[in-house]
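Now for the letters of each chain:
2 protein chains.
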Amino acid sequence: MKKLLWAFLLLAGAVLHAQQVTSPDKNVVLTFKLSANGEPTYELAYKKKPVIKSSTLGIEVKNGASFINGFKITDTKQQTVDTNWEPVMGEQKTIRNNYTELLVTLSQPANNNRYIRLRFRLFNDGLGFRYEFPKQDGLSYFIVKEEHTQFNLAGDHKIFWIPGDYDTNEYAYTTSKISEIPALQKKATIEINAQRPIENPSVQTPSMMKSADGLYINIHEAALINYPAMSLNVDAGFKFSSHLTPDAVGNNGYMQTDAQTPWRTIVVSDKATDILASKLILNLNEPTKYKDVSWIKPVKYIGVWWEYFVAGKSTWAYGKENNVKLTDDFTKLTPNGKHGATTAHVMEYIDFAAKNGFDAVLVEGWNVGWEDWIGNWKEEVFDFVTPYPDFDVKKLQAYAASKGVKIIMHHETSGSATNYERRLDRAFEFMNDNGYNAVKTGYVGSIIPRGEHHDGQWMVNHYIHVAERAADYKIMVNSHEAVRPTGLNRTYPNWIAQESARGTEFEAMGGLAPEHTTILPFTRLMGGPMDYTPGIFQTDLTYYKTGGNQRVNTTLAKQLAYYVTMYSPLQMAADLPENYNRFPDAFQFIKDVAVDWDNTYVLEAEPGDYVTIARKAKGKNEWFTGGITDENSRTATVAFDYLPKGKKYVATIYADAKDANWKEKPQNYVITKVVVTSKSVLKQYIAPGGGFAISVKEGTTEELKGLKSL
Amino acid sequence: MKKLLWAFLLLAGAVLHAQQVTSPDKNVVLTFKLSANGEPTYELAYKKKPVIKSSTLGIEVKNGASFINGFKITDTKQQTVDTNWEPVMGEQKTIRNNYTELLVTLSQPANNNRYIRLRFRLFNDGLGFRYEFPKQDGLSYFIVKEEHTQFNLAGDHKIFWIPGDYDTNEYAYTTSKISEIPALQKKATIEINAQRPIENPSVQTPSMMKSADGLYINIHEAALINYPAMSLNVDAGFKFSSHLTPDAVGNNGYMQTDAQTPWRTIVVSDKATDILASKLILNLNEPTKYKDVSWIKPVKYIGVWWEYFVAGKSTWAYGKENNVKLTDDFTKLTPNGKHGATTAHVMEYIDFAAKNGFDAVLVEGWNVGWEDWIGNWKEEVFDFVTPYPDFDVKKLQAYAASKGVKIIMHHETSGSATNYERRLDRAFEFMNDNGYNAVKTGYVGSIIPRGEHHDGQWMVNHYIHVAERAADYKIMVNSHEAVRPTGLNRTYPNWIAQESARGTEFEAMGGLAPEHTTILPFTRLMGGPMDYTPGIFQTDLTYYKTGGNQRVNTTLAKQLAYYVTMYSPLQMAADLPENYNRFPDAFQFIKDVAVDWDNTYVLEAEPGDYVTIARKAKGKNEWFTGGITDENSRTATVAFDYLPKGKKYVATIYADAKDANWKEKPQNYVITKVVVTSKSVLKQYIAPGGGFAISVKEGTTEELKGLKSL
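Which chain is which? The protein sequence lines are A and B, in order. Numbering of the first sequence is given in UniProt numbering, commencing with residue 1 and proceeding in unit increments. Numbering of the second sequence is given in UniProt numbering, commencing with residue 1 and proceeding in unit increments.
For the record, the hints were derived by calculation from the structure and aren't laboratory data. Note that the structure is predicted; figures quoted are calculated from it, not measured.
It does not matter which identical chain is used: a pair holds within one copy or between any two.
Dumping the calculated BS3-like pairs for lysine-lysine here, alpha-carbon to alpha-carbon at most 27 Å: (1) Lys-338 - Lys-135; (2) Lys-297 - Lys-394; (3) Lys-325 - Lys-145; (4) Lys-291 - Lys-332; (5) Lys-332 - Lys-289.
Construct the complete structure from the given sequences, taking the supplied hints into account.
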């Protein structure tokens with residue numbers, strides 16, 4: 001009897017105070033328990049190695065009792081889910097969603113048994129968990145003062161990080177030990193337009209780490225909806241804790257039950273390639289509610305854009321004036337003679353797009369207001385419907401249509417989100433009326449509503465509002481300077497890409513480190529597709545004789561690789577048409593490469609060092625591979641074992657020449673054609689700052705005959 | 001030669017350092033000069049009595065040099081203007097605009113001769129002046145930290161005031177000496193939903209004063225556009241100074257040249273009636289730019305409204321729940337059984353409106369979201385397009401149209417202006433689609449964008465944005481809880497009325513002092529028409545047996561007088577139809593009274609004591625008079641000398657019975673018909689808290705024969 005009682009108590013103890021859950025493959029183990037004072041805690045291990053040591057969970061409330069301690073467990077539920085789903089566009093046609101879930105109900109006896117839930121989902125590649133606040137008597141509205149989610153790491157990991165900031169994610173990455181972050185924070189906080197750095201040591205997510213015992217750990221969030229973005233405080237002892245983006249009056253989040261936080265995600269593996277292959281974040285997002293998604297399509301595009309940065313021959317603005325109002329008559333401005341978005345010039349781009357099979361042409365600087373759009377915290381900065389006098393909307397609509405090309409609308413808001421929202425329906429109506437089906441949005445500048453931040457709850461809701469409104473008009477959205485993505489492209493598939501990191505434009509504004517793009521897939525791209533705008537062939541920008549001495553810090557071949565290594569269903573060929581005309585053989589890869597995929601194979605990867613990825617084009621027997629390195633040369637190993645067995649294919653390899661590197665002779669490349677099979681393995685040299693790209697297609701018998709095997 | 005030089009210096013001194021300008025009738029005299037350190041100053045006198053003693057003018061800039069001192073006068077210009085114009089709707093058909101203008105250009109040698117202008121307009125009844133910032137090299141954008149406009153009064157005047165507040169103007173008036181304000185401020189700051197009182201002693205404008213030497217002085221502002229509303233600091237020595245409403249980050253105003261402040265207005269006379277007759281504020285507003293104003297029409301209306309306050313039988317909300325989201329299915333709510341805006345009930349109101357000649361029926365509580373709309377700082381609070389399940393939009397549209405009645409839309413925002421703006425086009429489209437041509441807007445609650453205030457620059461622009469957008473859809477706007485009006489109904493004539501003060505609803509929420517409506521015409525109504533919602537016949541609210549013990553603190557006859565004393569082209573008959581059915585003879589006045597006028601005659605007035613006004617109906621030989629008193633009885637003297645000479649008219653007099661007063665027997669009234677001519681003078685008794693109303697019409701010969709002469 002005593003024995004039985006003891007067993008019962010053990011069991012009761014387990015139910016009330018500790019729960020252990022494992023991933024379907026048993027590699028990931030979560031332990032949940034309450035501390036002595038009723039504080040929820042969790043631990044995470046991967047293959048018995050500690051990932052997160054005991055860490056507390058809690059939400060501090062501004063206008064009432066907090067959800068921090070005094071909890072008791074009133075219910076726990078477990079279930080295992082294993083399903084497949086198909087994204088509208090993506091890295092693979094079918095995504096498996098396989099996890100073990102633990103749902104814990106916690107009540108606070110001291111607060112009328114008010115209860116919350118913690119939902120944990122253990123995947124084979126990590127953990128997602130969130131706080132849930134069910135609708136109940138006595139809990140309808142509350143204000144989040146701060147979230148206190150800890151991530152107590154097991155050691156002084158190597159980390160690839162950018163500093164915490166409420167307004168920008170366009171920082172360069174620093175690689176250091178966690179313990180070195182406080183000392184490096186100031187240096188890492190380089191000057192960016194409209195920034196609001198967090199004062200204490202902190203990093204942004206996705207935060208990529210590597211432990212001394214060989215674990216790759218990525219912390220981020222999924223499904224950031226109606227809540228501020230989370231940064232991570234870097235506390236002493238390798239402890240991270242959540243740091244939410246406050247609003248204009250210092251509150252973090254306005255909650256109404258039913259409510260939940262975004263998922264806090266920890267992707268973990270002992271293989272770096274698993275991190276890149278992870279679909280954990282997408283799986284934690286909700287399926288789309290859009291009934292019709294037939295109008296959402298991948299886009300390969302060019303644009304009147306890079307010339308604004310480098311060529312010195314054109315400008316967004318039409319007038320010489322530096323003080324304009326939307327109520328002005330812009331036909332009365334003094335033309336500066338260098339306006340880029342003229343009817344004639346856009347027609348040249350349309351011709352080039354049509355000739356080379358691009359879907360669309362982005363045109364920036366088409367609408368009035370660019371003369372003084374930046375830095376003035378000006379609310380009525382653009383109206384999104386009035387073209388400059390030299391941009392003929394109707395003529396271009398007809399011309400583009402006749403060529404089978406779309407024009408991509410551009411809506412720079414200058415951070416004035418209120419102005420954008422009040423004009424949004426009219427802007428989208430204008431797009432519908434004039435044949436536009438996609439828009440690039442921009443948020444350069446301090447936010448209006450003044451006091452709000454790019455990454456706060458209000459703006460988080462704004463971006464989603466824009467995506468949803470756009471869907472009403474069957475418009476696709478590519479947002480720049482928006483909050484870092486969290487997999488919402490699953491739920492809002494017309495939000496097809498974002499910038500939300502330091503992209504190619506910075507190559508013209510100080511340059512990017514050669515390793516930058518070997519880090520981005522492990523950080524920024526964990527959240528979703530990036531409009532990185534690759535494809536710069538003229539990497540030495542002094543070529544333009546515009547006074548600058550910048551260069552794009554890659555070889556030409558590396559730019560080709562980006563079309564595969566940087567996933568996005570929206571891909572730009574960002575360079576000037578004239579430069580593509582100079583290198584037609586290399587340009588062929590950009591013309592050929594797919595932007596939507598049946599499958600993806602992460603062949604090699606190490607954050608900060610290299611990435612090699614192969615992908616199968618959606619619905620086609622074509623495969624494309626991209627490989628990149630950092631500032632060091634290397635030899636990539638490219639297996640073709642994903643190819644159907646027993647069949648020969650033609651591989652075209654675009655590689656750095658032996659004498660190329662990112663600083664010298666970056667345009668020296670070698671293109672070779674060989675026959676490959678599923679048994680082929682390529683050892684491919686990559687130059688310092690270089691890369692390579694491969695297209696694999698079915699060849700005619702004749703073609704195959706004329707080529708050597710790999 | 002010495003003499004000549006001296007004369008020249010005197011002249012130069014006059015040009016550089018002092019300017020005196022007089023009103024067309026020479027009664028109002030402005031003296032402008034620079035102080036020794038180049039600070040602009042002005043003085044104002046009326047019939048040689050000091051109104052404003054030497055007071056400084058200046059604008060403190062946040063992000064650069066201020067416009068406070070170091071000025072020199074570089075140019076002055078004078079002109080006299082005398083024109084007439086016709087308002088779309090108004091107290092008189094033709095308004096004379098007659099002033100002498102002094103335009104002073106001031107430059108700052110120490111700031112690259114940057115210059116501003118001060119524009120003064122001297123009318124026979126006062127002064128308007130403003131700061132102007134012309135477009136110039138080196139002055140495009142600046143942020144106003146504070147405006148330093150002084151109004152140094154000449155003595156310890158009697159003042160009718162409400163305390164300074166960034167969010168509400170719904171305070172009860174306090175009458176005191178200026179010197180008593182600091183001690184009374186706390187008591188005067190009664191609790192109001194969403195208030196943000198100014199901490200230092202301050203009052204709101206329009207601020208009405210009476211000097212010991214018999215001057216009536218009113219300080220307000222005109223044409224408040226793209227600038228925050230001004231309150232007045234009450235500094236020692238009867239000195240007032242401007243206090244602007246800050247934004248979320250503590251800035252006052254974002255300016256882009258060309259820019260100007262609103263006009264600061266000082267209406268002055270030795271006759272109180274002149275203050276009420278003043279058109280100075282309207283004259284300082286810009287003419288409308290609307291090309292077509294044919295759709296803007298006066299409106300006499302009833303509404304599903306007062307029953308929410310008093311009758312206890314109906315509610316705005318449909319469901320019993322207190323936690324709803326716009327995404328909820330409202331057909332699944334538990335009906336509370338008391339929803340007011342049901343199809344059947346609104347049809348009853350439509351029937352009553354049609355039978356009694358009303359133009360429209362206001363319906364509040366028609367749309368989903370009222371279950372938890374207040375006090376939660378909830379952004380997505382209403383969508384303005386989704387009716388409750390028991391409100392049939394299409395059926396009511398057809399029914400109202402068949403009866404020749406309009407339904408007035410209601411858009412309560414709960415202060416969530418961002419939510420309203422993002423839905424505005426859709427809301428107005430919905431109105432167009434469903435036959436609505438007027439909307440009552442509401443801003444009950446703390447503003448979103450959070451940190452902004454009802455009276456700040458952002459919201460000032462919001463209200464105007466709503467009016468302009470509404471005009472695109474030919475919709476008239478009646479805003480409640482908006483910033484106090486400043487004559488913008490001239491520029492935006494579809495913004496036909498506002499609440500912006502303590503109106504009739506407060507009779508059901510604690511009551512209004514009997515003198516309240518003798519003050520409002522001198523304060524709130526100086527800015528523009530008020531939707532005061534008069535016409536309460538059942539003044540004793542205990543009648544409804546709903547547990548309250550409130551009463552409307554007037555007699556029934558006084559409620560009739562309001563239709564004349566409280567000018568608005570939008571007038572409600574606010575009581576329940578059943579109460580009008582109980583008093584059909586008194587109700588006849590409400591049915592008869594005009595709401596738009598050819599002319600207005602302010603017969604008697606003393607702020608805080610009494611007001612008697614007569615008006616001629618627009619385009620008709622009908623005249624209506626209203627007279628009210630405070631808590632004291634009085635005998636009004638009503639001359640009919642505005643009537644065409646030599647003709648007899650029938651006057652119907654609706655007066656308090658001898659035994660009536662606001663506390664007891666308020667419903668005792670006497671209706672008499674008499675013959676009047678332009679020579680008639682009526683001595684009319686008014687009960688304590690009472691009033692009277694008179695309609696004057698042409699009578700048939702028979703009618704005239706049967707009546708006694710006055």
